[in-house]
Amino acid sequence: MVRWKSRYLLCEVNVVDRSRLLLLDDRAVAGAVKAAVARIHGDYGAALCSIRFCVKYLNAHTGIVLLRFPKSCYRILWSALPFITSVESRGQKIPCFLNCLHVGGTIRTCQKFLVRYNTQQLHRMLPKCKNEEEKQQICKAILNCTLTGKDKEESEDESENEEDEEE
Amino acid sequence: MSVFMDLNLCSSADRSGLRSLIETAAHLGFSTVAINYVLEPTAKKKPEIPTPTPISDLMDGLPIVQGRSRPIRVLNRLTVVMSDASHFRLNAAEYRHFDLLAVQPTTEKLFHAACLLYDVDIICISLTEKLPFFFKRAPVNGAVDRGVVFEVSYSAAIRDSTLRRYTFTNAFSLMDTCKGKNVILSSAAEKALELRGPYDVTNLGLLFGLSNGDAKEAISSTCRSVLLHAETRKTASGVIYTMKSSSESSCQERAPPECEAPAAKRAKPT
Numbered sequence: 001m002v003r004w005k006s007r008y009l010l011c012e013v014n015v016v017d018r019s020r021l022l023l024l025d026d027r028a029v030a031g032a033v034k035a036a037v038a039r040i041h042g043d044y045g046a047a048l049c050s051i052r053f054c055v056k057y058l059n060a061h062t063g064i065v066l067l068r069f070p071k072s073c074y075r076i077l078w079s080a081l082p083f084i085t086s087v088e089s090r091g092q093k094i095p096c097f098l099n100c101l102h103v104g105g106t107i108r109t110c111q112k113f114l115v116r117y118n119t120q121q122l123h124r125m126l127p128k129c130k131n132e133e134e135k136q137q138i139c140k141a142i143l144n145c146t147l148t149g150k151d152k153e154e155s156e157d158e159s160e161n162e163e164d165e166e167e
Numbered sequence: 001m002s003v004f005m006d007l008n009l010c011s012s013a014d015r016s017g018l019r020s021l022i023e024t025a026a027h028l029g030f031s032t033v034a035i036n037y038v039l040e041p042t043a044k045k046k047p048e049i050p051t052p053t054p055i056s057d058l059m060d061g062l063p064i065v066q067g068r069s070r071p072i073r074v075l076n077r078l079t080v081v082m083s084d085a086s087h088f089r090l091n092a093a094e095y096r097h098f099d100l101l102a103v104q105p106t107t108e109k110l111f112h113a114a115c116l117l118y119d120v121d122i123i124c125i126s127l128t129e130k131l132p133f134f135f136k137r138a139p140v141n142g143a144v145d146r147g148v149v150f151e152v153s154y155s156a157a158i159r160d161s162t163l164r165r166y167t168f169t170n171a172f173s174l175m176d177t178c179k180g181k182n183v184i185l186s187s188a189a190e191k192a193l194e195l196r197g198p199y200d201v202t203n204l205g206l207l208f209g210l211s212n213g214d215a216k217e218a219i220s221s222t223c224r225s226v227l228l229h230a231e232t233r234k235t236a237s238g239v240i241y242t243m244k245s246s247s248e249s250s251c252q253e254r255a256p257p258e259c260e261a262p263a264a265k266r267a268k269p270t
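From first to last, the protein sequence lines stand for chains V and C. At position 64 of the first sequence the residue is numbered 64 (full-length UniProt numbering), and the sequence of numbers has no breaks. At position 109 of the second sequence the residue is numbered 109 (full-length UniProt numbering), and the sequence of numbers has no breaks.
So that you can see chain V by itself, here it is in the shape it has in the complex (with noise of 0.2 Å):
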């Protein structure tokens, strides 16, 4: 069998106030999406976007977004990415830019990478600690993170968010 093949799109979303990024949903950030697309390649753009275009997960603590497009228009679709300026979420608007980390062909490389990705912000966080004490209770509540059964990208996310409200 031959699959449909598709490329992913691991972005990240940066905003300036970190606490807004909980606002994000799916639906939001293809809504700018598809607005932006339609914005700069009109209708041809905006009806590639609509071929197996989805959000297909969104982290709102570290602000990943995980899209996917189809191949063969990739490229065009993604050059219309860097004109997002904002996204519009539960009648905010959040003034924000998509970051583009890695390019997959399949999920399951981007969330190898997004393991890796986080660890090296976890490494690039932790010399902000502002006495030992604080690194100690990091570490501590990293090891104490048991999501059994789940996968451990996760526990990673969250002692980020961790670190960012005793920051």
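Because the hints were derived from the structure by calculation, they are not lab data.
Taking lysine to any residue and the SDA-like style, the derived pairs with C-alpha atoms no more than 25 Å apart in a straight line are:
| # | chain 1 | residue 1 | chain 2 | residue 2 |
| --- | --- | --- | --- | --- |
| 1 | V | K135 | C | L62 |
| 2 | V | K130 | C | I64 |
| 3 | C | K191 | V | S86 |
Because the structure is a prediction, the values reported are computed rather than measured.
Based on the hints, put chain C in the right spot on chain V.
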């Protein structure tokens, strides 16, 4: 993964804004950025050349670049907007404070001169309005031969729809003339939210008429050659480097071997 650079961040008096710009750039994975100071001479009074703020004043610790272990490198750059030939003075002492030197010609004659004569690193083209001249092959080829690059900045395209049209028009006509070589893509961002990630910028090059490889070069290796070009501007043909000796310093002996390295890397002297 190659080294990404963004050679145009707008300077502003607002220090915290500039700081957040640099932090965002480091987060996105740019390992070198340049802060741009614009000098716009008018006919009446003599303009004051801005002096760059030292980076150490700006922030105490430079942020670490995403995916690397080094802190971000911050340079200073001066852009001279020219509407008359007298606006750009060759070898002015004030220009020496800056690491990079760029001109933005507004007439065809000055564009010709900037491409073939002036000792600059970057030629900016104001992409946000209808250009008063066409790009001709001869000056553009001359600039490519001399190692001077053209700059296309994308943040105006993000801001507004009319500006976007002009940007695409002008970028396309530039790419037609120089065939995608010697072009750098930069942000010209004023706020942190106007920056874009390096992979997004590469893909944006598709809309500017660059091929895939050329677009990637436009934010990595071409930028590097700009930096090397800027280094040789301070030397005589990239061979000899002079500096003022402070009376009893013995660090003079160390100077020559240091500057031989960039000279050896350079293929052609200016």
